[in-house]
Every structure is written in structure tokens, then in C-alpha cells.
Amino acid sequence: MEATSVKTSATFSGGVHPAGNKELTSHKPTVTAAIPKRVVIPLSQHIGAPTKPLVVIGQEVKKGEKIGESGGFVSAPVHATVSGKVTAIGSFPHSMGTDMAAVVIESDGKDEWVSGLRETTDYLQLSPDELKKMVSEAGIVGMGGATFPTHVKLSPPKEKTIDVIILNGAECEPFLTSDHRLMVEKSKEIVEGLKILMRVLNVKKGYIGIEANKPDAVEAMKKAAAGSPDVEVFAVQVKYPQGAEKMLIKAVVSRTVPAGGLPMDVGVVVQNVGTAAAIYDAVRYGRPLIERYVTVTGRGVKEPKNFLARIGTPFSQLIAEAGGMTDDAAKVIAGGPMMGMSQYNMEVPVIKGTSGILVLPKAEVSTRSYGPCIRCARCIDACPMHLQPSLIGLFVEKGHYEDAKDYNVMDCFECGSCTFVCPANRPMVQWVKRAKRELAKKKN
Amino acid sequence: MEATPKEQPKEQPKAQPELIVSIGPHMRAEESTAKIMWTVNAALLPATLMSVYYFGLPAVLVIVISIMTAVLTEGAIQKMLKKEVTVADGSAFLTGLLIAMNCPANIPLHIPAIGTFAAVAITKQLFGGLGYNVFNPALIGRALILISFPKAMTTFTQPVLNIMAIDAKTMATPLTVLKEDGVAKLLELYPNIYQNLLLGNRAGSLGETATIALLLGAAFLMIKRYITWHIPIPFILTVGVLTWAFGGKGALFAGDAMFHMMAGGLILGAFYMATDYVTGPSVRSAQIVFGIACGALTVLIRLKGGYPEGVMFAILIMNCFAPLLDRGMRSKVFGKVEAKGVKK
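The listed protein sequences derive, respectively, from chains V and A. Just so we're aligned, residue 37 is where the first sequence starts under the working numbering, counting upward by one. Just so we're aligned, residue 5 is where the second sequence starts under the working numbering, counting upward by one.
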């Protein structure tokens with residue numbers, strides 16, 4: 037019955053140690069955010085084809101009603117997150133930086149569920165295909181931030197045998213604690229979600245990987261998994277980017293995903309713990325993905341908090357519920373400080389991949405310009421993919437994109453470790469993004 | 005391309021502070037080029053103080069002139085080229101200090117000034133400034149003055165332990181004695197040679213005398229992870245092994261490895277100059293090769309070449325190969341090897 041083990045030494049080589057800053061919110065129980073008066077629900081909240089709107093302006097909708105139909109296999113439907121009336125369909129600011137198509141719903145304050153939600157108590161008896169369909173219909177995407185449609189990951193090509201599922205509870209981004217709180221507060225649901233995933237992929241072994249800096253989450257998950265010998269909880273070393281798929285797989289099952297390959301190439305599927313909880317909700321109660329845990333934190337908000345918030349809630353509302361910004365607030369980031377995107381408009385909505393809203397005060401925002409590369413090799417030591425970011429940066433700076441490609445720029449997943457450690461403050465991630473864009477242009 | 009602090013859409017419904025928008029990561033390590041350079045300068049402090057202790061006022065003058073020339077040259081050239089003046093980053097200061105460390109105490113002061121000027125103006129700034137120089141500036145500066153003023157650069161005095169440095173007697177360095185007159189003479193002049201080498205009580209350049217002070221600074225830099233073992237340790241060990249094997253008279257494995265590892269500028273060169281980020285390789289495996297090659301060249305020059313000491317030329321020669329080593333020994337991408345083998 038002993039279903040847990042601890043491997044705190046297990047990790048990948050490289051990586052960095054940014055200050056965690058999680059103590060701002062890690063001990064605070066999640067509070068349910070107010071139901072927004074008006075939600076803006078982007079029709080594209082995932083990687084892949086945008087959805088097609090199913091509603092028209094003026095239409096009454098109920099909570100959980102599908103309002104955007106999946107636009108293809110690699111796509112995920114979106115649902116109304118409040119009950120009320122559709123007041124606009126058009127282009128609205130999106131946390132990805134550009135305006136995107138969205139449906140606006142004014143809440144009627146009744147918060148009524150759509151009828152016909154199907155509850156299933158013996159869900160593990162359902163067939164893998166039925167379960168997969170429920171996941172797909174619920175609009176579930178990777179909730180760690182990558183927002184890749186989950187049902188796609190659950191449909192590996194026939195020649196790939198999956199024998200391991202890893203739930204990602206590493207939460208290696210500084211400041212964020214939404215997964216941490218979810219694991220403490222909804223550990224049973226996460227384990228049930230993992231079992232559903234194991235049933236869908238016919239996998240006998242499920243792991244939950246958590247950074248060792250969340251002992252209460254490790255404890256809670258171990259407790260929840262105690263009756264399940266096929267589920268193991270791993271405490272992995274605290275190091276950024278421990279939560280990157282390839283790095284977590286290395287730490288938990290010592291498998292190396294081939295460069296340019298996917299986890300399924302080594303028989304692994306990785307899902308975020310939040311995704312697992314959403315899968316449980318979808319399968320057990322028939323509820324689509326309409327809300328998520330969001331950490332609103334940083335020394336730029338007065339009362340940092342963890343929220344359970346509806347998709348479509350404007351950032352401004354959650355920031356206000358967290359006491360509002362301080363006078364010296366200078367930067368607002370969707371996500372964590374390492375890979376998150378800074379925002380200019382506080383009316384952007386929470387989407388399925390919004391794990392946190394981070395507000396940094398002026399003193400913590402660097403506007404230092406960058407200097408010449410002194411080839412100190414700190415970035416080479418830090419790169420979890422073992423690339424040479426210094427050289428890639430020098431190439432891109434001079435417009436030599438092909439050379440950057442020759443130095444494996446395409447293998448970079450933009451974790452930002454190189455830029456974090458650079459003493460000359462060189463914007464390596466920015467250059468990598470530029471190189472990828474320029475190389476893509478050439479290809480077309 | 006940098007942060008654009010003042011972009012703010014006008015139709016913003018609520019009052020909000022001016023927000024800074026930039027590409028992540030939005031957190032940075034507490035590290036800067038200036039901090040690194042000043043830390044290396046600080047690591048040289050024990051050796052600098054020891055040189056003043058042994059050689060007195062002349063040492064102070066050489067140090068001050070070298071550093072001043074370096075800083076003024078860098079500032080003047082950057083002004084002339086209308087570039088940002090970056091003398092505060094400590095890198096010109098370090099070049100000046102290193103050249104001083106490489107000079108005898110009683111040298112006429114225009115010589116270190118010329119060496120420092122050449123180091124900063126030609127080797128560094130004309131190649132594009134910090135980060136773009138091919139050769140270690142301090143070593144080029146030293147090579148230039150060694151070739152131009154061979155007598156002044158090789159006339160060393162005995163340590164005087166006297167601030168005004170009166171009665172300074174000239175004396176050959178242990179390596180020169182070994183080269184010119186052999187082991188017997190060396191032991192006659194320096195009966196406690198290991199102790200002399202370790203504590204610095206011997207003739208030599210300012211910075212190469214007190215091995216223990218240099219090691220102290222190097223240990224500090226290694227603990228702070230500002231330098232790693234990959235270059236200096238293979239460098240020094242290679243010198244040790246090769247001099248042990250070939251440094252003896254007549255027989256193999258009769259050489260005095262300990263003497264060769266502590267003598268001359270090896271400790272200074274290996275820990276403070278071969279480790280220069282800009283002019284050495286940055287891939288770790290390439291750094292080990294770089295260190296071994298520096299060691300082999302040093303021994304070749306010491307035992308077979310015309311100069312008693314070979315550290316400087318060894319590092320300069322290897323500086324040329326640093327980019328090649330980096331390209332030839334690229335780091336292996338995570339998952340790249342398995343990419344061929346794994347077929348599931």
C-alpha cells in the first residue's frame with residue numbers, strides 16, 4: 037500500500053535558482069472571486085485553430101453552454117462562464133498581446149447552469165473513447181500555461197506506446213501558487229483525474245511530480261494517493277525550469293525526450309495538475325472548463341491572494357479584489373515572472389491558461405539596457421537544453437539566423453534561464469523569438 | 005527593442021499607473037559585468053598588498069600609473085568614438101592592474117604606461133571594446149613591452165621589505181637562474197626555494213611573487229563561481245606533469261614539478277589571465293583542452309624556448325584557438341544523442 041516515494045535529488049542538469057517569492061500566497065486558502073458583471077471570453081484560448089462562435093448578439097446563455105465550436109482536431113470548444121446575455125462579439129484585448137475574437141456576456145446575476153449536465157459516479161467504467169470525448173467536449177486544455185488541447189495529447193498515434201503519465205505539480209515559476217493551493221485543496225480530485233487519464237491511455241503507472249518546496253502539497257497528494265498503489269508522488273528538486281515537460285520527465289522517470297521530439301516519443305504523457313482536476317470535474321459532473329485557480333500576487337498588489345475565478349474575468353477585477361495595485365506598481369504580468377507576458381491593458385480576461393497575475397513594483401522592474409557579451413558562459417551552464425545562448429544571441433544580433441539555427445535555436449523552449457543569469461543583461465529570449473520568427477518566414 | 009514604458013492606450017477606463025511592457029524573463033539574477041570585474045580586482049588585492057609589502061613605493065607607483073593609463077585611455081577612446089564611457093565597469097582598471105602585476109618593481113614608469121596604452125587602445129578598443137577582443141589585453145601589453153624593453157622588463161630586484169625601497173639589489177628570478185645557470189646555482193641563491201616561492205620572498209614581477217596571496221584570491225573567485233577549475237587546474241597540472249617528465253637533466257621523470265608549478269607567472273596566468281572570459285573558450289570541455297594546451301606550450305617554451313618563462317606566450321597563442329575550440333566542441337543538446345537511437 038505504500039504508494040509514495042521521495043526523490044528530491046532527481047533533476048536535470050542546468051537550470052537556475054530565482055527567488056521563489058511564493059510565501060506571499062502559498063499559505064492562503066483560495067477564495068472564490070466575485071461573479072463578474074461582464075465576461076470577455078476569447079474564442080481562442082488554446083494552441084491550435086480558433087473556435088467558431090455558436091451564439092449571436094442578444095442571445096441568452098446559461099453557465100456552461102457551449103458558445104464556441106471547436107475549429108478542428110487541434111482545437112477546444114469554449115463555454116459561457118456566467119449566465120446572461122451576449123452583448124458583443126468582436127475583437128478584444130487578449131493577454132497574448134494582440135486583440136483577438138471574443139464573445140462578451142453580461143451576467144444576469146443568476147449564475148444558472150445549463151441543463152443536461154451528466155453526472156457519472158462509476159466513471160472509471162466508461163470506455164476510453166467516451167472519456168476522451170467528455171474531455172474534448174469540456175474544452176479542456178493544458179492549464180499550466182501552454183494551453184495545448186488535452187484530448188490531442190490523449191490521442192497518440194498508434195505506433196507510440198504510452199506507459200507513463202506524469203502530472204506536473206512542479207510549479208517552478210516564482211511567485212505562482214495556484215497549482216500549490218489546488219494540490220492542497222483538491223488533492224482527491226487530482227488523483228481521480230489522473231486515474232481517468234490512466235484509463236484513457238491504458239497506462240498502469242501514474243506519477244505526480246512536485247517541487248520539494250511545497251511540503252504540504254506533497255503531503256496532501258500522498259494522502260490522497262494512499263489507496264492507489266499505481267499512483268506515486270515524487271518530490272523533485274527545486275530548480276527552474278523543473279516544470280518544463282522534458283525536465284520533469286528526466287527527473288521523475290529518468291527518460292530523455294529526443295531533441296525536437298515529444299514526451300510520447302519516450303512513452304510519456306505529461307499533464308498539469310489543474311488539467312487533471314478539470315478532467316475530473318468534466319467526467320464526474322459533466323461540467324465544462326469555466327473557472328480556474330489564479331494567483332494574484334507580487335509586491336505591486338496590496339493583498340496578494342489565490343482566487344478561483346471564472347474564465348473571462350478581467351484582470352482589473354481580480355487585482356481590485358486583491359486590494360488593488362500599490363502606488364509604485366510598474367509591471368503586470370500574465371503568468372509567472374520567467375515566462376509570463378507583460379500586459380498593457382488591465383481589461384484583458386483570465387483565460388484557461390492564466391495561472392497567475394503578477395504585479396511588480398518599480399523597484400523590482402529592470403529597465404537596465406544591455407551590454408556586450410563577455411562570454412562568461414553562465415548562460416551555457418544554465419541552459420536546460422544545453423544550448424549556447426551566448427552565441428545564438430550574437431548571431432541573431434547580427435541577423436545571422438541560419439547560424440542560429442545551426443546552433444540549435446529551434447530546440448530552445450524559451451524558459452528564460454539564460455537571460456535571467458546574464459550579467460550583461462542581454463535579451464536572449466527576445467532574440468530567440470526573433471530567430472524563430474525569421475526562420476519561419478524564410479520557410480514559407 | 006527595450007522596454008517601452010510610456011505606451012498606454014488612451015481609452016483606458018480606469019486610472020492605472022504607467023506600466024512597463026517588455027519581453028520576459030521579468031526577473032534577473034543580481035549579477036552584472038561591473039560586479040564581476042570589480043570582484044576580480046578585489047581578488048587581486050592580497051597579491052597587490054604583498055607586492056607593496058615586498059617592493060615598497062616603486063610597486064605602488066607602477067600600480068597607480070598602470071591603472072590610471074588604462075582608465076584614461078579607455079575613457080578617451082570611448083569619448084572619441086562617441087560611445088558610452090564604461091570605465092566604471094572595472095574592466096580597464098583590471099587590465100591596468102594585471103599589467104602592473106606583470107612588471108618588475110623598479111621599471112621606468114613610462115614602460116608600464118606604454119604597455120597599458122597598447123593593451124587598452126589596440127588590443128581592446130580597436131577590436132570593438134569589451135567582449136570583442138581576440139587577445140588578452142594585459143598580455144598583449146606585456147608582450148609588447150617585453151619585446152621593446154627587454155632589459156628593463158627582466159631586471160628584477162630582491163624584495164626589500166622597506167617602503168622607500170632603498171638599497172634594492174638586482175637579482176635574477178628563480179626561473180632565469182635555472183635556465184642560465186642550472187639547479188646548483190638556484191639552490192645556492194635560494195636555499196629555501198619552495199618557501200620563497202610560496203611566500204613571495206624572491207625576485208620577480210609584482211604579482212607573481214607571492215603564490216599564496218594569488219591562491220587566496222583564486223580560491224575566493226572559485227567559491228564565488230566567478231571562475232571554474234576547467235582552465236586553471238588542467239593548465240597547472242599539465243605544467244607539473246610535463247616538467248616532472250622532461251624537466252630533469254638527463255633522465256626522464258626527474259624534473260621538479262613543484263618548483264615549476266609555483267615559479268614564474270604560472271599561478272597568476274592560470275587563475276587570472278587564462279580564465280579571462282572573453283579570450284578563452286566558453287564551452288566547458290573546450291576549456292579543459294585550452295588549459296592543457298596552455299600548459300604544454302608553457303613547458304615547451306620554458307624548457308626548449310629562448311625565454312625563461314612561457315606562460316604569457318602560451319596563453320596568447322591559445323587565445324587564437326579559443327573560438328575554434330568552442331565551435332569544434334559544442335555542447336551536446338539535451339536529447340540529441342538519443343534522437344538517433346530511441347525508436348518507440
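Accuracy of the hints is not assured; some may be wrong.
Calculated pairs, BS3-like style, for lysine-lysine (alpha carbon to alpha carbon, straight line, at most 30 angstroms) [to be verified]:
1) K479(V) / K253(A)
2) K338(V) / K259(V)
3) K469(V) / K87(A)
4) K189(A) / K173(A)
5) K73(V) / K102(V)
6) K259(V) / K224(V)
7) K98(V) / K241(V)
8) K102(V) / K88(V)
9) K479(V) / K336(A)
10) K155(A) / K434(V)
11) K39(A) / K87(A)
12) K39(A) / K398(V)
13) K173(A) / K194(V)
14) K472(V) / K155(A)
15) K434(V) / K88(V)
16) K196(V) / K87(A)
17) K241(V) / K340(A)
18) K308(A) / K434(V)
19) K155(A) / K336(A)
20) K58(V) / K340(A)
Note that these hints are calculated values from the structure, not bench results. Fair warning: this is a prediction, and the values are worked out from it, not measured in the lab.
Hints, one by one, checked against the model:
1. K479(V) / K253(A): 66 angstroms, violated
2. K338(V) / K259(V): Violated, at roughly 34 angstroms.
3. K469(V) / K87(A): At roughly 28 angstroms apart (the allowed maximum being 30 angstroms), K87(A) and K469(V) satisfy the hint.
4. K189(A) / K173(A): 18 angstroms, holds
5. K73(V) / K102(V): 19 angstroms, holds
6. K259(V) / K224(V): 9 angstroms, holds
7. K98(V) / K241(V): 39 angstroms, violated
8. K102(V) / K88(V): With Cα atoms ~11 angstroms apart, K102(V) and K88(V) stay inside 30 angstroms; holds.
9. K479(V) / K336(A): 26 angstroms, holds
10. K155(A) / K434(V): Not OK: K155(A) and K434(V) at ~46 angstroms, beyond 30 angstroms, violated.
11. K39(A) / K87(A): 21 angstroms, holds
12. K39(A) / K398(V): The given pair, whose Cα atoms are some 22 angstroms apart, holds under the 30 angstroms limit.
13. K173(A) / K194(V): At roughly 86 angstroms apart (the allowed maximum being 30 angstroms), K194(V) and K173(A) break the hint.
14. K472(V) / K155(A): 57 angstroms, violated
15. K434(V) / K88(V): Given pair K434(V), K88(V) is violated - Cα atoms ~42 angstroms apart, limit 30 angstroms.
16. K196(V) / K87(A): Roughly 57 angstroms separates the two Cα atoms, so the pair is violated.
17. K241(V) / K340(A): 27 angstroms, holds
18. K308(A) / K434(V): 44 angstroms, violated
19. K155(A) / K336(A): Judged against 30 angstroms, a Cα distance of about 49 angstroms means the pair is violated.
20. K58(V) / K340(A): 34 angstroms, violated
Of the numbered hints stated above, those contradicted by the structure are hints 1, 2, 7, 10, 13, 14, 15, 16, 18, 19, 20, listed in ascending order.
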